[in-house]
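K.L.:
Spelled out, the chains give:
2 protein chains.
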Amino acid sequence: MRPEPPRNADTVAEVGEFGLIRRVTAGRTQPPTTLLGPGDDAAVVAAPDGRVVVSTDVLVEGVHFRLDWSSPEQVGRKAAAVNLADVAAMGALPTALLIGLACPPDTPSAVVEGITAGLWQEAAVAGAGVVGGDMVSSATLVISVTALGDMNGYEPITRSGAQVGDVVAVCGRLGWAAGGLAVLGRGFRSPVAVVGAQRNPEPPYAAGPQAAAAGATAMIDVSDGLLADLGHIAEESGIGIDIRTELLEVHPRLLDVASALGADARHWVLTGGEDHALAATFPEPAAVPDGWRTIGTVRHGGGVTVDGRGYEKPPGWEHWR
Amino acid sequence: MRPEPPRNADTVAEVGEFGLIRRVTAGRTQPPTTLLGPGDDAAVVAAPDGRVVVSTDVLVEGVHFRLDWSSPEQVGRKAAAVNLADVAAMGALPTALLIGLACPPDTPSAVVEGITAGLWQEAAVAGAGVVGGDMVSSATLVISVTALGDMNGYEPITRSGAQVGDVVAVCGRLGWAAGGLAVLGRGFRSPVAVVGAQRNPEPPYAAGPQAAAAGATAMIDVSDGLLADLGHIAEESGIGIDIRTELLEVHPRLLDVASALGADARHWVLTGGEDHALAATFPEPAAVPDGWRTIGTVRHGGGVTVDGRGYEKPPGWEHWR
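Line order of the protein sequences matches chains A and B. Residue 269 in the UniProt record's numbering sits at position 269 of the first sequence, with consecutive numbering throughout. Residue 259 in the UniProt record's numbering sits at position 259 of the second sequence, with consecutive numbering throughout.
Hints in this document: simulated from the structure, not taken from any laboratory. A few of these clues could be false.
Among chain A residues calculated to face chain B with C-beta under 7 Å, some are [to be verified]:
hint, residue
1, ALA46
2, SER55
3, ALA139
4, LEU255
Pair by pair, the computed Cβ-Cβ distance ranges are [as the list claims (entries may be wrong)]:
hint, chain 1, residue 1, chain 2, residue 2, range
5, A, LEU67, B, ARG253, 35 to 41 Å
6, B, PHE18, A, ASP307, 26 to 32 Å
7, B, VAL63, A, GLN121, 41 to 47 Å
8, A, THR25, B, GLN121, 32 to 38 Å
Glycine included, each C-beta is placed from N, C-alpha and C at the ideal position.
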């Protein structure tokens with residue numbers, strides 16, 4: 001008989017579907033909103049508001065993440081963060097995550113366990129539980145995450161409510177993930193604070209419900225880039241937005257990295273995606289909550305301008321193009 | 001300039017992410033439970049019970065479906081059905097679906113449009129809306145579906161509540177999908193009623209809330225096979241279940257097909273998955289609702305027996321094994 005291989009060398013095929021489910025759910029603690037967790041046909045999650053906010057995202061190895069750039073835990077955290085940020089961007093309190101995981105049979109079980117551990121960690125940061133999922137065989141590693149949230153009595157903050165005269169504000173990091181990607185793309189691994197931003201977005205989850213309570217008129221998660229995502233608010237609200245560069249905070253560390261790479265840190269701030277900051281419009285300057293930074297105003301017309309002019313570089317990106 | 005190709009020849013790369021989202025959402029009608037549909041950071045769905053039931057499943061081309069056996073619409077309907085059945089198996093009324101779709105850039109747009117049309121069709125059968133999703137690039141076609149439901153004031157029916165003395169009943173088809181798979185596996189395309197069952201499961205969605213209202217003590221969606229899935233109820237409830245073959249309905253058409261293929265129709269009924277019937281336990285014979293068929297009883301001990309004996313053929317299957 002062959003000796004049993006060390007646990008880290010097990011593949012998902014060797015551990016099996018049910019064994020893997022046991023491994024990734026054992027010993028986890030659920031928040032009070034998880035009324036029935038994994039293990040039945042479906043989960044049951046508290047929705048005390050009487051409305052549930054829900055969003056889904058799909059991440060594909062080689063497209064959205066690379067396991068030679070990020071650990072499985074980092075991939076799991078990022079997969080959770082992108083969804084939880086979408087829920088927070090409606091003004092909701094995140095309550096639950098579900099994970100769909102498709103991977104090749106020879107995937108090390110440790111990879112799946114790491115991804116799942118990362119999901120649990122990020123869910124805990126946002127106050128949510130991991131309540132269910134599905135694990136199947138596939139030639140490509142694909143992670144699908146669905147996040148739920150509760151409005152806690154506030155109205156959902158859509159992209160369509162911005163009014164002329166509103167102030168535009170952001171909460172969370174801008175340009176860091178783009179800077180980190182530029183560093184990694186040149187084969188460097190430091191500075192770790194910038195590289196880490198690309199691997200581990202830190203969406204300001206609590207700022208979503210904070211903005212809803214403060215009377216935000218429109219809100220969006222900055223996933224494709226500030227100009228691209230504010231463009232969605234402009235289009236859906238039928239207004240224009242002007243960003244003032246003197247209000248844009250460009251962190252000294254980003255300036256340093258950009259200088260070393262011959263890149264433009266302000267371009268990262270205006271167009272870099274994946275930091276999952278929140279951008280919102282508020283009816284007056286006094287309504288902007290603590291921790292948010294005012295960056296511009298809502299004006300008549302359409303589109304997004306920078307200091308009153310069109311921005312010359314291509315904003316955001318689309319899949320498949 | 002090249003003439004624009006006919007719409008059906010467009011690939012997803014040519015149509016682009018946002019163009020595709022427009023195509024698959026245009027002209028759709030949402031049920032009243034959809035408070036905010038696709039197009040924002042997240043959707044908002046009514047959860048009047050104050051609890052939301054949620055389940056996710058992942059389907060992979062070549063593993064869970066084949067586009068040479070099923071049309072894109074049939075694949076979409078099936079992807080929706082497996083999830084909606086999980087929600088119904090808790091006793092909930094399905095309210096909403098979200099779809100995550102990962103596919104190669106050269107996938108014809110018509111395939112994605114067909115899958116999405118199928119999802120909408122099946123959601124409508126169950127009374128649900130398609131409220132959101134994500135579409136990304138991947139080497140493998142992967143469909144991830146999440147379904148939500150509302151308990152309407154009833155308690156969720158888990159797998160763990162069966163009591164000794166309860167009666168076991170089923171609603172919906174058993175063995176049909178297994179028969180259809182056997183037919184397709186031999187290269188035949190008929191009889192269409194049996195082949196169609198493999199392509200288009202018809203879960204009895206309304207039977208889930210019906211069972212909850214009737215006081216069902218445990219319930220499960222028959223996705224892996226009757227014996228395997230009743231085994232989950234037996235294990236979670238700490239009881240045993242005995243199936244009586246004289247109570248098992250084997251449809252004459254299944255008997256005909258099995259005879260022609262030299263197969264055992266009763267084996268399909270006992271072990272065939274993918275029909276997504278519902279199986280439940282009820283406290284007394286009088287509690288079994290109209291449309292449900294009593295097939296056995298809950299007894300002391302553990303496991304599932306057939307006429308008091310262990311069943312000799314392997315029940316169900318696991319992924320990756």
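K.L.:
Give a verdict on every hint.
P.N.:
Evaluation of the provided hints:
no., hint, in the structure
1, ALA46, "holds, 6 Å"
2, SER55, "holds, 4 Å"
3, ALA139, "holds, 5 Å"
4, LEU255, "violated, 30 Å"
5, LEU67/A <-> ARG253/B: 35 to 41 Å, "violated, 49 Å"
6, PHE18/B <-> ASP307/A: 26 to 32 Å, "holds, 27 Å"
7, VAL63/B <-> GLN121/A: 41 to 47 Å, "violated, 29 Å"
8, THR25/A <-> GLN121/B: 32 to 38 Å, "holds, 34 Å"
Hint check: violations occur at hints 4, 5 and 7; the rest are consistent with the structure.
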